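Read off the chains here:
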Amino acid sequence: MATVTRTPGATAARTLSKDEIQRYSRHLIMPEVGMEGQLKLAQAKVLMIGAGGLGAPLGLYLAAAGVGRLGIVDFDVVDVTNLQRQVTFSTSDVGRPKLDAARDRLAGLNPKIQIDTYTTRLTSENALDLFKDYDIIVDGTDNFPTRFLVNDACVLLGKPNVYGSIFRFEGQATVFNYPGGPCYRCLYPEPPPPGLVPSCAEGGVLGVLPGIIGSIQAMETIKLIIGKGEPLAGRLLLFDALAMHFRELRLRKNPNCAVCGPNPTITKLIDYEEFCGIRGEETPVNTNGIPEMTPTELKARLDRGDDLFILDVREPHEYQICHLNGHLIPLGELTRRVNELDSSREIVAYCRSGKRSADAVQFLKQAGFRKIWNLKGGILAWSDEVDPSVPKY
Amino acid sequence: MPIKLEIPTALRPFAGKQASVEFNASTVGEALRNLTTTYADLRKHLYTEDGRIRSFVNIYVNDEDIRYLEKENTPIKDGDTISIVPSIAGGHDVL
Chain X
9 MATVTRTPGA TAARTLSKDE IQRYSRHLIM PEVGMEGQLK LAQAKVLMIG AGGLGAPLGL
69 YLAAAGVGRL GIVDFDVVDV TNLQRQVTFS TSDVGRPKLD AARDRLAGLN PKIQIDTYTT
129 RLTSENALDL FKDYDIIVDG TDNFPTRFLV NDACVLLGKP NVYGSIFRFE GQATVFNYPG
189 GPCYRCLYPE PPPPGLVPSC AEGGVLGVLP GIIGSIQAME TIKLIIGKGE PLAGRLLLFD
249 ALAMHFRELR LRKNPNCAVC GPNPTITKLI DYEEFCGIRG EETPVNTNGI PEMTPTELKA
309 RLDRGDDLFI LDVREPHEYQ ICHLNGHLIP LGELTRRVNE LDSSREIVAY CRSGKRSADA
369 VQFLKQAGFR KIWNLKGGIL AWSDEVDPSV PKY
Chain F
-1 MPIKLEIPTA LRPFAGKQAS VEFNASTVGE ALRNLTTTYA DLRKHLYTED GRIRSFVNIY
59 VNDEDIRYLE KENTPIKDGD TISIVPSIAG GHDVL
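Line by line, the protein sequences are chains X and F.
Residues 9 to 401 in my numbering are what the first sequence lists, from first letter to last.
Residues -1 to 93 in my numbering are what the second sequence lists, from first letter to last.
There may be inaccurate statements among the hints.
[What the hints assert, rightly or not] A short, non-exhaustive set of chain X residues, derived as facing chain F with CB atoms under 8 Å:
#1 F177
#2 L257
#3 G340
It is worth saying that the hints were derived from the structure and are not from the lab.
Bear in mind that the values here come from a model prediction, so they are computed numbers and not experimental data.
Built from N, CA and C at the ideal position, the CB exists for glycine as well.
Sequences are here, hints too, so could you generate the full structure?
Right, dumping it as structure tokens:
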């Protein structure tokens, strides 16, 4: 099921070749690294989960540093929207599996290391097997179920988990499961339920932000390998890129942690999608009981002259990209501005892809609105089904 | 000096787009109640229906998690900073 390819590279070497000494000279002349540290790097085995925004600088810097065996897990294909931040890839890679492109780039940078690629989704069935041969796991993933899976597998196997995460212009980084230190569940015992995930309100990311956080993850990984400096274990580094402000919060080991505590209730990997309330390939909208209208149906009714009130629950900057002439009330303001809506009228709510507007419809139904519809698939589906001149973003 | 309450990016749309707000309060619980009274949209993101702080949201006073202090009864004094730190995963399209 998992496609594994290996580049020929250095096997666990006890000495550095003349070429390697030249390549790593800037490491070797530092007392903090030296031959001893570089040999530790050459013998280290690091597994990266994710070859995206965080994985890009991470892979590049770990390869450059001479990590002897670098494994990467990713099942995705390079998309043009990745190129805003996933700097391992080129425009010519669009459409290729990310790991093919990443392997080419990283092996080109450093042909002396072994690169193992695993083109597969990380699951409870394969995680323990994948992780067991590596010393350090670096979490560069983009969803909650995988975060919990990576954490639990690391705790069960006793491996440190170099964690980084980002949202718009904010990032977090730490080292979980360092000996004696907290794990991810010590900080977050449970995931946010879908539909209430804070990131539902606005998405996007400043492209360079994962570049910074991923580089911090690479730095922490290298420090763990060479055993120098203070790792971020027990500290949550918070970064605000707009304020250019770093802060630290103290992370403590939770004495009642379900997975790393003295009385663990989790002793094997579970169904993480179920744990996070998600089933299937992507986070679906809970459409139970939410009345929906397709873009085609909406167009037909508008053409017929039906009196429909179009409610746009996106953000003002999205409205500037494209809109359906709706009345704009961002979802986050809906509670306060609900009096702008006339419940006697038939209302169709939309957003970019139909998820936020489903939340809006649910809220309005609970508030007593009876004639309310969610535009299925949002303005993206409108562009696909009705009017291709509407840009997709 | 009142206390400062830092709003994480993910919740700023529900808090009038502010990055931080100031309140006078003597406990964390009081500060959060002030916050969710002023910004009602925030309430469901911070609290469950039975009034407990959601477990994917961590509250810090200065750099210490309130779970290891006195939880919502943690006293606060002028000049303290309360931080709300939700779990973020980034990336995956949830819009």
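> Of the numbered hints stated previously, which ones are contradicted by the structure, given in increasing order?
Replying inline: none
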